[in-house]
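S.K.: These are the residues of each chain, in order.
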Amino acid sequence: MKVTPSNFIQEIKEPIQKLRAQLQKKYDFVSVLVTDSIAKTYSVSKSQISMRENTDFGSGGCVLKVERNGQFTEFSFNDFSPEFLASVDGRLEEQFDMLQSGKILGSLCEASMYKVPDEQTSQGVYSSEYEISPLEYGEEKLLERVKGIYQLVRDVDERIFDCNVRFEFQKMSKLYLSDRKELEQNLMWSSGMIQPLVQKGKETKFYYDTFSILGGAELLEQMERKAEQIGKTSLDLLNTKSITPGLYDVICMPEVTGILAHEAFGHGVEMDMFVKDRALAKDYIGRQVASELVTMHDGGTAYPETGFYFFDDEGQMAGDTIVIDRGILKQGICDLQSAMSLGAAPTGNGRRESFERKAYTRMSNTFFEAGTSTLEEMIASISHGYLLECAVSGMEDPKNWGIQCMVNIAREIRDGKLTGEIYSPIVLTGYVPDVLKSISMVSDNLQLSGSGCCGKGYKEWVKVSDGGAAVKAKVQLS
Amino acid sequence: MERKQNTPGAVNSIYDIENICRSENMDTYCIRQEKKESLELFFVKKKLDLHRKVMVNHFYVTVYRPFEKDGVQMLGSASISFPGGYCVKEVEEKLRSAYLGASFIENKAYPLAALEDNEQKEEMEKRVGSILDFNQCAHQMVQALYLYDNQEKTWINSAELFFINKSEHILNSNGVDVEFQSSKVKGEFVTQSTEQEDVELYHDFCYEGASEEEQRDLTVKVREALEMTKARSKATRRNLRGKMKIILSQQYVGELMDYYVENSSAKMIYAGYSQFQAGDNVQEGGSTVNISLHSHRPYSTEGIYMKDICMMKGGILKNIHGDLRYSYYLGQEPTGVFDCVRMEAGEVCVEEMKQGNYLHIVSFSDFQVDTLSGFFGGEIRLAYYKEGDNIYPVTGGTISGNLNEQGDSICCSKEMQHQFGFEGPMAISLEQVTVG
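As given, the protein sequences belong to chains A and B, one line each in that order. At position 151 of the first sequence (counting the first as 1) the number is 151 in our numbering, and the numbers step up by one without a gap. At position 89 of the second sequence (counting the first as 1) the number is 89 in our numbering, and the numbers step up by one without a gap.
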């Protein structure tokens, strides 16, 4: 079934169109993005059951972007009363006057000047699909299934002293209006997490697995199918060792590959970083940055996962950008304002955390293509190394191409076989081109995960997915 | 979703929501209104790339539903949110749906916050924050930010500044009805240097306003940031290995202390994730960590009147902190959730701390502290390594340790730092940390 449009957006569309048309008479460029969203989180653990509307994923509101004399300003608001809408013109006027009077910037700084974007005419209404709407399924049934998953894990072994189970979804609608565009989209994603906790002495350890889908409550079935196995795997953490720091052959499972694709390279090809001269990738277009086995994609429509959308928050149609083609860096991803600055074409990657925030160049669905090896062949090829799974976090360094990832499980491989020894926690570090060029095998499966959000630095969280195939590489572990 | 504004059928006040709750026989509730205005400036080098204003009004409502299960009193709850001006009919539907949902939430009963006496109100009035004049503050902080950005090979690459005024109104069914306002100036900047290698470092800041002291603090922060970045540009990769004394400074001191703060929370203890108990030496035999907790807000989002507490003294856990529910479950007085950690100074100067060999890490790619296990670690972007009489700026490599093993060796500096969320020693040292 297709996700239905927002009544709220339909109701305020006319007054907003009138406001935009009125402002267009005065300014060279006026765009407006209206959003409406409902997101809910259901969670169960030993000590709590909760159900809440999740405002982290935004709510209903509007952002205007206006240009005067080469300078842009934005105004975000969520009051749609006729009185307030009538005051918007005056408020924008004040913003520009203050900006252009020099009262804020003083003598140390000045304002950037841009040419108005040359937009192509486009119009359309787009909707993603789902099987079971969490909004119609019923709160009681949803909670019962989340509780059921919790119990499945707890029943595995009494040493699992707790388990956090979370299911969440977002239904969102967006309307983008400019002089030449009128676009509407309606999307729904769902994601989940199962996190058993085990204890040894004073130390508490956790394992987790995540689930995500461009769709609805049908995701719960996937979670139910894997719950028991996740519980069993968590017990492995009761007997872990500390690793001897060093350079090792490793196999990154898809969730760790996802961190490599996203953190190690994805952030480095966000072209607002090119504008700021903060990304080394700018100087490497057309050059080899990875092994020939590596082809990397990013795009709103590149894969049906939680980072999926039809158009971005600046009214640019989403696509499938091939960032690395068989080891060669082909191009970055770009938002509209950065494209204006660089004289490049936007790739549909201008995204906002919500209508209250600025748009930046952001990833969407980022992944390495599948290869031809089986996981068994990859393990058999290693004399001493580790299979890395359960990625916890990662941090980018686009300027200097450093990479740091935290991984919860490293399974030891000796003489082509898993020994059963487990090391945890693990910090994976390296120099990005060294890591990507060291990729010598790529598995034949492809798996993306979109349970989390991506930040720009330490804020501006947007829903993304990442992943790919399992890859064999050489990395520094500690 | 149907929404109408400023019409007789629209919800514009917290009391409109209270009236709906009462008319729907929802007797237990907590409603919070948050109005926010902000000015935002985004710079690329010294050019203002974008200028934004935000003006929003949100309501957050939690409805509670008491019921009994197997002879035990329960209190289910469900939370909703919506912007100001939402249609009454729609709010009624959302509240009914939440109230129904709350009947499936089987949590043991606990009391809501109560306004105990007038003293609280009087005290709160003294703590009402000031409201920023955006344009004036923006001018002052932009000048403070760029004052020392005048070097040829080291500069501010980009910066973002946010000037925020917020007013909150909290009302619950237990008599709490309080309003207060607050302001914040926060932001981030990236410094770049091409002295040798082309490198950058990230920095952030947060203040309550733009007083002369806060402007001065930002200026000093930028000057130090530029010097650090210059040092990173000249730093070399050294293959450091083994266990050694490390020094952490600036924000990393607070981030490491979060381990003690998190594990002292009623939620972590009640769930069994934390083994901390009041009276225990949670510093594993050490006696150098003294922490109190403070809130910049007079009331928590649940309506709890916020009072400072002593959390740790001489490495001993003195008080647990937490929200209404988990505090009640543990038989503790609810303290609310704090936003500022205050740690006492130590007895040694930073210079004394630097006797002998050490690795002083001033910038990580990402410093991680695992609250559950006590593990901490990260990749080094810039550190100063002292060996004998020589000090080398170094980059690359990692550190890793565990507060359950090295916590007792924490030594705090006499010199203090004052951040919005952390006030404490400028630096701390730990012994026998793995470097690799």
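Be aware that a few hints might be false.
Said to hold, decoys possible - According to the in silico footprint, chain A covers these stretches of chain B (three or more CB under 8 Å from chain A): (1) 27-33; (2) 67-74; (3) 82-94; (4) 217-228; (5) 267-273; (6) 292-299.
As the list claims (entries may be wrong) - To give an idea of the interface, some chain B residues facing chain A are shown, with a C-beta separation under 8 Å as derived from the structure: (7) F42; (8) S79; (9) L100; (10) Q151; (11) E152; (12) W155; (13) Y384; (14) Q432.
Honestly, the hints are just simulated from the structure, not real lab data. Only a predicted model underlies this, so the values are computations on that prediction, with no experimental measurement involved. Every residue gets a Cβ at the ideal spot worked out from N, C-alpha and C, and that includes glycine.
S.K.: Does Y384/B pass the interface hint, meaning its C-beta sits closer than 8 Å to a C-beta of chain A?
M.R.: Violated, because the Cβ-Cβ distance from Y384/B to chain A comes to roughly 18 Å (cut-off 8 Å).
S.K.: With a cut-off of 8 Å, does the beta carbon of E152/B approach a beta carbon of chain A closely enough for the hint to hold?
M.R.: violated, 15 Å
S.K.: Should the hint that Q151/B touches chain A count as held when the rule is a Cβ pair under 8 Å?
M.R.: violated, 14 Å
S.K.: Three residues minimum, CB to CB under 8 Å: does the region 82-94 of chain B make the cut for coverage by chain A? Let me know.
M.R.: Answer holds; 4 residues pass the 8 Å Cβ test.
S.K.: With a cut-off of 8 Å between beta carbons, are at least three residues of the region 217-228 of chain B near chain A?
M.R.: violated (count 0)
S.K.: Would you check whether W155/B satisfies its interface hint, that is, whether its CB is within less than 8 Å of any CB in chain A?
M.R.: This hint is violated: W155/B lies away from chain A, its Cβ roughly 11 Å from the closest one there, beyond 8 Å.
S.K.: Taking the closest Cβ pair, is L100/B under 8 Å from chain A?
M.R.: With a minimum Cβ separation of about 7 Å from chain A (threshold 8 Å), the hint on L100/B holds.
S.K.: Tell me if the interface restraint on S79/B is satisfied: Cβ within less than 8 Å of some Cβ in chain A.
M.R.: Constraint on S79/B satisfied, holds at 4 Å.
S.K.: Does the nearest C-beta of chain A fall within a distance shorter than 8 Å of the C-beta of F42/B?
M.R.: Hint holds; F42/B Cβ to chain A Cβ min 6 Å, cut 8 Å.
S.K.: Counting residues of the region 67-74 of chain B with a beta carbon closer than 8 Å to any beta carbon of chain A, are there 3 or more?
M.R.: violated (count 0)
S.K.: Holds or violated: the region 267-273 of chain B covered by chain A, criterion of 3 or more residues with Cβ-Cβ distance under 8 Å?
M.R.: Contact hint for the region 267-273 of chain B vs chain A: holds, 5 residues under 8 Å.
S.K.: Take the region 27-33 of chain B, compare each residue's beta carbon with every beta carbon of chain A, and decide whether three or more fall closer than 8 Å.
M.R.: violated (count 0)
Violated hints, listed in ascending order, are 1, 2, 4, 6, 10, 11, 12, 13 and 14; each of the other numbered hints is respected by the structure.
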